[in-house]
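Number of protein chains: 2
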Amino acid sequence: MQLGLKKRNGSSKGTFIDDTLAGKTRLNIDHHEDLKKQIRMINLQKQDLVVLASLKPFVQEKIHTIVEQFYRNLEHESSLMSIIETNSSVDRLKKTLLAHIQEMFDGKIDDDFIDKRLKIAHIHFKIGLEPKWYMCAFQDLLLSLIAIINEKIQTKEESLKAIESVTKILSLEQQLVLDAFQQENEKTH
Amino acid sequence: MQLGLKKRNGSSKGTFIDDTLAGKTRLNIDHHEDLKKQIRMINLQKQDLVVLASLKPFVQEKIHTIVEQFYRNLEHESSLMSIIETNSSVDRLKKTLLAHIQEMFDGKIDDDFIDKRLKIAHIHFKIGLEPKWYMCAFQDLLLSLIAIINEKIQTKEESLKAIESVTKILSLEQQLVLDAFQQENEKTH
Ligand code: HEM
Ligand code: HEM
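Read top to bottom, the protein sequences are chains A and B.
Going by the numbering used here, the first residue of the first sequence is number 8, and it counts up by one from there.
Going by the numbering used here, the first residue of the second sequence is number 8, and it counts up by one from there.
Mixed in with the good hints, there may be bad ones.
Note: identical chains are not told apart, hence a pair may lie in one copy or across any two.
As the list claims (entries may be wrong) - In the BS3-like style, the derived pairs of lysine-lysine whose C-alpha atoms are separated by at most 30 Å in a straight line are: (1) K44 x K101; (2) K102 x K159; (3) K44 x K69; (4) K102 x K44; (5) K101 x K123; (6) K115 x K163; (7) K126 x K194; (8) K115 x K43.
Read the hints as simulated data drawn from the structure, not as lab findings.
Quick caveat: nothing in here was measured; it's all calculated off a predicted structure.
Please work from the sequences and hints to get the whole structure.
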């Protein structure tokens with residue numbers, strides 16, 4: 008880490024935020040009018056994508072712990088394990104989830120990002136995953152990410168900034184997924 | 008604040024968490040089997056309720072700012088303002104929301120808590136509020152609460168503990184509401 012590159016707000020304290028990553032982030036949702044409004048309502052800005060990209064190395068380091076915890080947690084509800092065994096396998100899903108969580112920290116929101124989430128939503132709808140369990144899984148994921156932030160980031164201000172960006176990207180994914188569920192429900196009316 | 012009462016973990020540092028509030032909190036969901044599992048999956052414990060109750064004075068102090076921000080944010084999507092004007096009024100809703108947000112910090116989860124959330128869910132379903140906007144409103148609320156935590160709580164560890172408890176209670180409310188939406192959708196099949 009080049010601390011010299013990472014000063015902000017005139018503070019001499021090192022920050023985990025690497026502004027040189029800005030060029031690698033992307034916020035391009037020109038053809039999605041509602042989504043533009045959603046992103047404004049949750050105040051997701053380009054800088055949040057830089058924060059997420061800066062967090063990526065920490066998430067990558069801990070990704071196996073996150074994924075193990077994620078699946079252990081689903082054992083609380085046996086119907087969830089049945090859904091998995093019927094439609095896939097824990098081993099296969101661990102691999103997909105591992106890739107998916109890391110992609111959340113690419114700092115890219117574009118057509119590809121949106122299309123992938125809609126596809127994932129439709130898969131979950133088809134297997135009959137209820138929104139309440141979906142939300143529980145997201146909260147478990149958030150708690151894992153907060154633990155990583157606590158471990159890796161020193162100051163209160165920086166930790167809260169990290170959590171803000173993380174909750175924004177998780178919220179956006181939930182919005183996309185729940186909207187797709189909603190549309191499936193309307194189709195079957 | 009009686010700092011003497013508020014030592015934890017053998018640390019001599021004052022904490023905002025007031026363990027004497029434990030007697031006023033309540034976690035009683037005996038007749039709700041799924042909800043018990045949900046609460047276990049998001050790791051919501053009695054201590055989270057104590058944390059929430061300890062945060063309540065800060066939330067009360069800033070409640071008008073939270074509520075103003077909440078409604079200003081809805082102006083991004085004109086259909087939301089139309090829904091409000093057709094079914095209610097901003098002034099009336101501000102009063103209801105003001106009471107509702109404060110109740111989140113009562114530290115009580117029981118039949119009354121659950122029934123109220125189901126009733127609120129049904130009202131929102133009836134007025135045609137889409138889940139994606141609902142989720143945006145929750146994220147806006149979370150960002151307001153993080154700002155308050157940043158202002159009022161000194162250390163990183165305590166701030167993260169506060170945020171954990173806040174995200175858990177918001178998640179639980181989302182689970183209840185989205186599950187009620189889901190059941191309404193199934194009814195209309
Ligand atoms: C935070 C919540 C979740 C995320 C981010 C997530 C992510 C994913 C991803 C990325 C895929 C792969 C989609 C693809 O093949 O393109 C997937 C598939 C799947 N997920 Fe999830 N998932 C979540 C929650 C759950 C839960 C709670 C269950 C419990 C039943 C579940 C069960 C499945 C199953 C069975 C598949 C495989 C379907 C198939 O292979 O056709 N997921 N999920
Ligand atoms: C965090 C999200 C939200 C919370 C916590 C919340 C909370 C509440 C509460 C406590 C009530 C009163 C229910 C009662 O009368 O018992 C209510 C009613 C209502 N809410 Fe929300 N609300 C949220 C989001 C929204 C949004 C985004 C809209 C935008 C359209 C909205 C529109 C309304 C309307 C129109 C009513 C009144 C219905 C009536 O008077 O019959 N709410 N809400």
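Cross-check of the supplied hints:
1. K44 x K101: between (33 Å within a copy, 22 Å between copies)
2. K102 x K159: within (24 Å within a copy, 41 Å between copies)
3. K44 x K69: So K44 and K69 pass the 30 Å test across copies only (26 Å; inside, 33 Å).
4. K102 x K44: For K102 and K44, the Cα distance is within 30 Å only across copies (26 Å; inside one copy 33 Å).
5. K101 x K123: within (17 Å within a copy, 37 Å between copies)
6. K115 x K163: both (26 Å within a copy, 29 Å between copies)
7. K126 x K194: Answer is both: 16 Å inside a copy and 26 Å across each meet the 30 Å cutoff.
8. K115 x K43: Classified as within: same-chain Cα gap 14 Å, cross-chain 37 Å, threshold 30 Å.
Every hint, counting from the list given before, is met by this structure.
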